[in-house]
Amino acid sequence: MGKKKDERDRSRQGVTRRGFLQLMGASAVASTAARGTAAETPAEVLEPAEMTRIALRINGRRHRVVVEPRWSLLFVLREKLGLTGTKVGCERGECGACTVLVDGQPRYACLTLAVEAEGKEITTLEGLMKGEELGPVQQAFLEHDAFQCGYCTPGQIMAVEGLLRHNPDPSADEIRKGVSGNLCRCGTYEHIFKAARRAVELRNTKGGA
Amino acid sequence: MTDERGRPYYVQNIPVPETPRPRQNPAAWKKTDVVGKRLPRVDAYERLSGSAVYPSDTSLPDMLYGAILRCPHANAKVLSVDARDAERMPGVRAVIMQNTPGANVEWSYGRGYKTKLFDPHCRHEGEEVAAVAAETPYQAWDAAKAIKVKYETLPFLSDEQEALEPGAPAVHESGNRSGDVQVYQRGNIERGFADADVVLEQNYRTESELHTPMELHGCVAKWDGNRLTVWESTQGVYAVQARIAEVLSLPMANVRVIGHYMGGGFGSKLQAGKYTIIAALLAKMTARPVKLFLTREETYLCVGNRPPTNMKLKAGVKKDGTLTALELTVLGSGGAYPAGGASGVDWVVRDLYTCPNVRTSLTDVYTNAGPARACRAPGHPQGAWALEQMMDALAESIHMDPVELRLKNIPTYSQAREGNPPYTTTGLRECLEEGAKVFGWEESRKRTADANVADRLGHIRRGVGMASAMWAAGGGGPPSTVIVKLFSDGSVNLNMGASDIGTGTKTVMAMVVSEELGVPLDKIQIEHADTGTTQFATPSGGSKTVPTESPAVRAAVLEVKKQLFELASKDLKADATDLDVKGDEVIMKSDPSKKIKIGNLSDFRRRGVILGVGYRGPNPDKKVVNPFAAQFCEVEVNTRTGEVKLLRFVATNDSGRVMNRLTYDNQVFGGITWGIGLAMTEARLLDKTQTGKMVNRNWHDYKIPTALDMPMKIESHPVDLDDTEANTTGAKGLGEPVTIPTAAAIANAVYNAIKIRITSTPINPMTLSRLISRSRKEG
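Protein sequence lines correspond, in order, to chains A and C. Quick note: the first sequence uses our numbering, first residue 84, plus one each step. Quick note: the second sequence uses our numbering, first residue 108, plus one each step.
So here's chain A without its partners, still in its complex pose (with noise of 0.2 angstroms):
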């Protein structure tokens, strides 16, 4: 119990600066690593330049991947792996539309890069999935027409999905601030806090998650 609570707590901190720092190429980072963290020797420098060899586990699937260190997570998901559920809406962490878990809480993925990712249990919206069936979150979606363009949708589904893991009955102020790191341009929030609502039903019902 006591050691899942402990990796329970270092998830939600997500990375720490001094994991980020060693994944980092060493010449961008060096001198303020040297001074930040002199006692702790770096895990692994990668080269900026040269090609890694990583595996990460994506909806249960190992993946073994060979990257740029400053390729993101985001990059790799579309373009190596072909899981285009993931969007891709600004690359600088303001929309959300690349919203994926990570050991169960809501990242970014154009912000973090695919060496930090590796390791951890990534969650896409493909991974939501029962078989070919919609999970609770995106039938909760369907029903309460919780989208227009569907492009902002997937990173908003995983909002929804990272907050009801750890809060399955969320207040109307928690949904509305659990989707509020997610954009969407159409404007479809009204039914988006409408479909939160829903899938804590269905997840109650099916069972699910």
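Honestly, the hints are just simulated from the structure, not real lab data. Given the structure is predicted, the values throughout are model-derived calculations rather than measurements. Ideal placement from N, C-alpha and C gives every residue a C-beta, glycine not left out. One or more of the hints may lead you astray.
Said to hold, decoys possible - The calculated lysine to any residue pairs, modelled on SDA-like cross-linking and capped at a C-alpha distance of 20 angstroms, are:
#1 C/Lys820 x A/Ala255
#2 A/Lys277 x C/Glu822
#3 C/Lys425 x C/Ser504
Said to hold, decoys possible - Far from chain A, some chain C residues (derived; all Cβ distances over 12 angstroms):
#4 Glu125
#5 Asn333
#6 Ser823
To be verified - Now the stretches of chain A that chain C is said to cover, found in silico as 3 or more residues with beta-carbon under 8 angstroms:
#7 134 to 140
#8 145 to 157
#9 175 to 187
#10 201 to 213
#11 241 to 252
#12 260 to 267
We have chain A; now place chain C onto it with these hints.
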């Protein structure tokens, strides 16, 4: 709104053919089984499961990635471009610039103004200078940044209000006027003001908004020899095809444009972009497919905007609420090239209310900023910002309820159009009355006023406001061609060229098929938005897609039914007029026990399918089809911080028949969200004094409404007037009219709360707290 040939903005610069008239003229539906219901979208599964392949999701074997190098200056001449280093960088397969063979092509803007694809004079920040194709987008960007460009920077003009002042930097050698001043007048404006009991005059301004649809602008281009296929995120595949064929001098048959899904456009994707041509050129040079999607920052600079709009409105009213005169002067800017910087702004002033004496004048000037593109109801939200605040002020000046003032001035015909044609329907009265009732308008006005007077909420003030609107388009019309194929098991293939930009076009069209044939939605396959395989359609814009396409779909289905009943009348030995179809069976109406499976019809077996071609018939002669709307809202203003909280919104719309209540309400909420953006959060900021560059070119600094900016409660109440004259489905447009009144309604509610008139957008804490403290000083 319209070009010099009188064509609406959404078909400017593209050829539009005429389609034949439909052969049948069916009566309006009396009772519907499918149309009007709250039904989930037919493509919800694809969009929610991730199986939908949007243009930006397209990935082809051996595909390269493109990146565009853009001018970093507001106004500069390109002296030299040195790509020698860039060309040698890892992964780089092609670099193109103005002197690259094949790249020296022309690009046209409004009124036939031509520049080059890579023009040596960059008149706005973000103009295209060179482009790269490489194995990864990272490498493409590395190379683009390594291209060395020498610029001669020139004086720039960022503020359209200074464009006509002596000594202002000239955006073009011809000067800073973009076209002639457009003047409209009727009646006698001076006499109108003389007849008025009260005359008010006020300046208003709305800031420039950026569309920023979620899916970035761009495409994937692939050549098969001399044939080009482009997967583009677009509102109109035929418009993109026409532009590519024109710029690259290709036969239209050699250009196929596909846009099955697209992640939002709002007017900014009605036509091809320079990026489309650049992707095609890079693909040609490298003989490999090229994916070129812009970055978010680029979409702020060079794929359109809602122009900044400066308005002076003078209005006269009698004590009994009769409007006597309206005079509107507009100065707008479509940026660095002709792009309709003031168009559409005056339409609500001309035509929303009965007024015998009207004069409007539109001045469009150049500035060193990205060219405008049509933006959700071009001009109208700006015009409504002025007119609807003015109506509020007029009502107060004659001690009349603002709803009553509007009800006194409802027109039944278009005063601004030649010959004063009547509207098929004007639900404005119904919108106002229904909205006021549902909102509890009179009671709310009293309640909030009492609370404010009694200081019951401390430094918090409550207010209510309302505004109404009309949309000058939204009636649709020819051309449109649709093909419906009926298979032997009763399932259907629907083939149409129109894009579904997120408004639910596919769903509504499938519902029309289902209504007529009784076939369930999941047995209808839709093939659309592909110039190679689907029929001609104009781009999805102008809120005209449902009223344009749905009658064409109905006509196609009726053609199928006609043939089906002819075949069945032989087998059932019945008169064709006595037959009905329900799913996979043809049934005799007079004796429902007599029926036959479609697949068992003797003549059907030989044909395999029944094919019906439907055309969009003309709109009613000498009549106008326009949607109308009203909105009511309640706000809370924190007089210490200047924060405005939106408590509730009620929207009423006359958009003719409600085709799908679920997607209808969704459009309404989306339109209000856009209006909230215009009123409260969105403004393009140019560094007017130092560099002329845009300083908030991202979603962090340029705020669009988030979940936390939504009103606590929004209600949509359609005024469901089946417009039997408008077309054969009775629908009018919705997506644009619903965003027109929102910003003004908010401004009126804020005024109602704190008695401060906010005439410039955005109403944010910074501007509001400044205005509040100024009004305190003035006492």
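Here is what the structure says about each hint:
For the proposed pair C/Lys820 and A/Ala255, the alpha carbon gap of about 12 angstroms is at most 20 angstroms, so the pair holds. Distance restraint check for A/Lys277 and C/Glu822: the Cα-Cα separation of roughly 13 angstroms lies within the 20 angstroms cut-off, and the hinted pair is therefore satisfied. Between C/Lys425 and C/Ser504 the CA atoms are separated by roughly 10 angstroms; this keeps the pair inside 20 angstroms, and the hint holds. No Cβ of chain A comes within 12 angstroms of the Cβ of C/Glu125; the nearest lies about 31 angstroms off, and the non-interface call holds.
With a closest Cβ-Cβ approach of about 28 angstroms to chain A, C/Asn333 is found to remain outside the 12 angstroms limit, as its non-interface label requires. With a closest Cβ-Cβ approach of about 9 angstroms to chain A, C/Ser823 is found to fall inside the 12 angstroms limit, against its non-interface label. Only residues whose beta carbon comes within less than 8 angstroms of a beta carbon in chain C count, and the region 134 to 140 of chain A has 0; fewer than three means the coverage is violated. Three residues within the 8 angstroms Cβ limit are the bar, and the region 145 to 157 of chain A against chain C gives 3, so the coverage statement holds.
Given a C-beta distance limit of less than 8 angstroms, the hint that chain C covers the region 175 to 187 of chain A holds, as 4 residues qualify and 3 suffice. Residue count for the region 201 to 213 of chain A with a Cβ under 8 angstroms from a Cβ of chain C: 4. That meets the three needed, and the coverage hint holds. Closer than 8 angstroms: that is the beta-carbon criterion, and the region 241 to 252 of chain A has 0 residues meeting it against chain C, so the requirement of 3 is violated. Note: the region 260 to 267 of chain A has 6 residues with beta-carbon separation from chain C under 8 angstroms; the three-residue rule is met and the coverage holds.
Going down the numbered hints, you'll see the structure goes against 6, 7 and 11, while the others check out.
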